[in-house]
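Starting from the given sequences, assemble the full structure and let the hints guide the process.
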Amino acid sequence: MHTVVISDLHLSEAHEPEERRPLWMAYKRREHFVDEDFARFLEHIDEQSDGPVELVLNGDIFDFDNVTQLPDDERAQEMGGRVDWLARARGLGSEEWMSVFKMECIIADHPVWFAALRGFIRKGHRAVFVIGNHDLELGWPSVKKLVRAALEVEPTDERVTFCAWFYLAEGDTYITHGHLYDPNCAGTDPIDPVIEVHGRPRMRIPFGDLAGRYMLNGMGYFNPHASDNYIMSGWEYLQFFFRYMVRTQPLLVWSWFWSAVVTLFISLRDHWRPAMRDPLRVEEKVASIAEASRATPSMVRKLAALNVPSSCTSPMWVLRELWLDRGFLFIGILLLAWQVVLHVNIAWPISPLWAFAALAALIPPYLVYAAKVKSTVFQTPLLDAERAELIQRITGAKTVVMGHTHEPVKENVGPVRYINGGFWSPAFSDPECTERIGTQSFVWLRPGEDGERRPELYEWAPGATTARVYELERAEASTKQPAAERPSMRPPRLEPGRA
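The sequence shown begins at 520 in the working numbering and counts up one residue at a time.
Think of the hints as simulated: they come from the structure by calculation, not from any bench.
Below, a list of computed lysine to aspartate or glutamate pairs in the DMTMM-like style, where the Cα atoms sit at most 25 Å apart: (1) K804 - E715; (2) K664 - E677; (3) K663 - E532; (4) K663 - E597.
Computed Cβ-Cβ distance ranges for the label pairs, DEER-style: (5) K642 - F847: 52 to 62 Å; (6) H717 - P934: 39 to 49 Å; (7) A890 - E802: 45 to 55 Å; (8) T767 - V801: 44 to 54 Å; (9) G933 - F847: 37 to 47 Å; (10) E975 - D592: 50 to 60 Å; (11) D747 - E975: 19 to 29 Å; (12) L848 - E555: 40 to 50 Å; (13) P769 - L878: 16 to 26 Å; (14) L605 - L848: 19 to 29 Å; (15) E566 - G970: 22 to 32 Å; (16) F760 - T675: 47 to 57 Å; (17) G915 - D565: 22 to 32 Å.
The beta carbon of each residue, even a glycine, is placed where N, CA and C say it ideally should be.
Listed below in structure tokens is the structure:
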């Protein structure tokens, strides 16, 4: 069987242009949707395959964290909840009714995407959803039911499958989104991801996603699909602020501060909450995950133990990623400088302006510290030789396919072939959305003449009508070019059977 793996589409709601803030969340406008490309991509896969295809949608297909649309109070009450102040400011949380509402918004705004996948399934192919960090809420039963309804398949129809965090394709390929090997996005318990907060069940959302939800949703000039777009130095942030935000979001520092504090509190609170677990269904749940993932219960337990600890085990780590360590330290420096002046003034009356002299002495060490702090986002590879060997021993897989980092990779790691399928989401280096970062890519595993399946990394450039082998060196060279000039944007048609 052919296996095609695609990830990181980040389908969200459509954002209409605002007159006062024309560049606010411009990357979410309909003209940047990947739906038409996805439809042509599925047609191409169907034409080029010589049999049934399992399309593995390898995580972050939907972006629940990026949906900010809200139900009115009456609708919220009908769904069994209410919209609090934080939801009004940054979007709904992860209770089941909230996830259902967000999924309804995504389905309503992406009819072309769902129609394309629906048609693909009707032709005899399969769709396997592997849950990632941005679509953890896909784990709710009612959300799965919504997706199945949009695809017009019955709950028992095996042509559409949902996997908790991995899928073992044809016994030779381990497919997982990869977020569970990233401390900033790793959950505490992938088998039981639901916790109880204030007496209500909710999906446990990892720190990195909470940061996107409560910070980036309130700073809409930053594009969340490219980490270089929102992880900058202090000087770069200052330049960005005066270029784009000073008129429409002058209180950016306050927005950052309260959002970061909320993110810190919720991240640590939810991290230490115990998982909601039915002791009578422990084995049944593991068996269910194993069946959907085409694995064994033993594999499920071992792979769950392989996940890395969350960064929330180190609160200082979280503080640094949020810049709160530098924020609190700066406030402390201001207070210390003022206290120095107050204490000196007791014995020797001086002007309050001497506080600036104290600041002049304290600021240089602060700047040295701030310069040494570096972000850890995607600094550690998702797959190293040790983890690759363990995955191979647990599953017997010869190939490992991931996503998550938005960086296409093809290399040998330990005893396995490792491929990162890249991403499709609309990543731009500027708020005007004129310079696209990267291209759209996917992985195709097909049987060789000797019967062994071999993976290949392909690109499906925006606006393309065919695929071609992804050339990593050429792609890196073209990343910074404007979209219209990039050579990968309109690839030549391949000969039949090539891709």
